[in-house]
Amino acid sequence: MALAILRMIQPPGRIDGGEVRLDGVDLLSLGDEEIRRVRLARIALIPQGSMNALNPVMRIKDQIIDALRDHEIRMSTRERDARVRELLESVGLRSEVAEKFPHELSGGMKQRACIAIAISLRPRVIVADEPTSALDVVVQKQVMETLARVQKDLGASVILVGHDMGLMAQFVDRLGIMYAGKLIEVSPVRQIFTRSLHPYTRMLIASLPSLEQKGTFNGIPGLIPLLRDLPPGCAFHPRCPEAIDRCLTEQPVLREVRPDGWGACHLV
Amino acid sequence: MTTLLEARHATRLFRGGYFDRTSTLALDDFSLAIDGDRPSIIAVVGESGSGKTTLARLLLGLTSPTQGQILYKGQELQTMSRADWHAFRRDVQVIFQDPYGVYNPFYRIDHVLTTPIAKFGLATSKAEARASIDNVLRAVGLRPEETLGRFAHQLSGGQRQRIMVARALLLRPRVILADEPVSMVDASLRATILASLRTMNRDLGISIVYITHDLATAYQISNTIVVLYRGTVVEIGDVELVVKRPQHPYTQLLLSSIPLASPERTWMIEPSAPVATMEIIDHGCKFAGRCPSVAASCREAAPSLFQTDRDRAVACYLYRGAPTVTGDHR
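First to last, the protein sequences are chains A and B. Note that the first sequence covers residues 2 to 269 in the numbering used here. Note that the second sequence covers residues 24 to 353 in the numbering used here.
Calculated directly from the structure, the hints in this document are not laboratory data. Not one of these hints is a red herring.
Partner residues are not named here, just some residues of chain B that face chain A (Cβ under 10 Å, in silico):
id: 1; residue: A239
id: 2; residue: Y242
id: 3; residue: S280
id: 4; residue: I281
id: 5; residue: P286
id: 6; residue: T289
Bear in mind the structure is a predicted one, so any value in this text is a computation, not a measurement. All residues carry an ideal CB built from backbone N, CA and C; glycine is no exception.
Assemble the whole structure, with the sequences as input and the hints as a guide.
Here it is as structure tokens:
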């Protein structure tokens, strides 16, 4: 989904239909050159596993400048160096980092360098695809705080993609839950935890090991269906303890069940 | 108390290459004893680079300590007889992190179950072998008829990891070492695998060493927890005490960094801890560079373990008033 928003799906995958609208413009209808200009400038990606996202034989400074140059930002050398320093500082890195190669940095520093590149053109939307999945919890917290701060400074929106419900609970405002390629619930994050609309959401939350009480987590029985071989009706019905006859035949659609609360379940 | 598996002041140093004079202290003076009479679940928690995997490899005899000893039933792994080594290889089993890498893609998964039976002579007939395989597969919640005869790529990560648990069970071991067994498994299946570890401990009397970076699962399944920081034990003891009332500043930092999956926000409120410095500390406390309560004495000599409760010890000068733990803790 993160890649589809940026129109970066690789063949043989392709986008079959629908729209991705940013400020009223459908990104899917843009030409290749136009979408190149939109990426980074208006919508940027913080990739999963920053260690593989940076060029190992380029200094951090040059990788930031590369992006600026590609988007035809003309600056003097001095202005450029100042901009690099400013960007690194805004993600909590010292200006010496500019001269370093990726292998000289720790995982958390590399991930911050990626954030610096992502915000270099002040985008409106930042797509962060599991930005901290390779980091330790202590470093994860620092990186997420950095992301929260630049998000506020830029006034940008962040789409955080991930599987860590704890991270979602602590970071996002609205949360969408996906199952078998579809959104099955979208609600303000507090409501997801207190009054969720979908049985899968509730089971997912119940499957999380808690640090407060012992013995309070349960797995979800059954297996995730294959995307090319989905069960008829609701894709979750074989694993759902609340399934009724209707679930076996009719696929529920995502609809607004309460103000700002969307669910795809026949029971709500 | 009969001690099964024991690490006694185990230290493991990795030297750099021929031209590289630096060396890495992966594990520093680590001691731990697994009691044979009271089967327990011990969790070893730490960030990446804390020495978790080095510890697992040492306890399995896959690598030898630079200093100190690893003992099984009082015999040192490196010098024990062939017969003892054979028995050790059966009694101490391992479940590795990656349920993808452990399978040979050209063999059917039956291979990982029939090989140990042949190697240790666990069955006298094909029928007997098949019966014990069916047994252990059912014990981990798999249906033998749907599992056997398949290739690894036809099974999900959760199924593969459960086969690894079944393989360990097949040998009726005394100790199972589980190195991040659920970190590569889908969240909904984690609970099932952890529950089978707990059942093995409770019903079959197998001691489990659960190595992980995830404090929440460690809290859920273990009785005793060991917190490692850069190869050193910083806090060890009863899991309720360590998780609910952490004493070492590192344990406190680790616990406060965990994003809790609850509707209440606990994050982003207090300012973040100082950024990790890359400062190499040869002597003194390894956490001194990041510690909010650091004092001059912390940089002079490394603190020893102080026994702050009956069931807990902490390696921090903040608790220097408590008695020092002498000899081997627990």
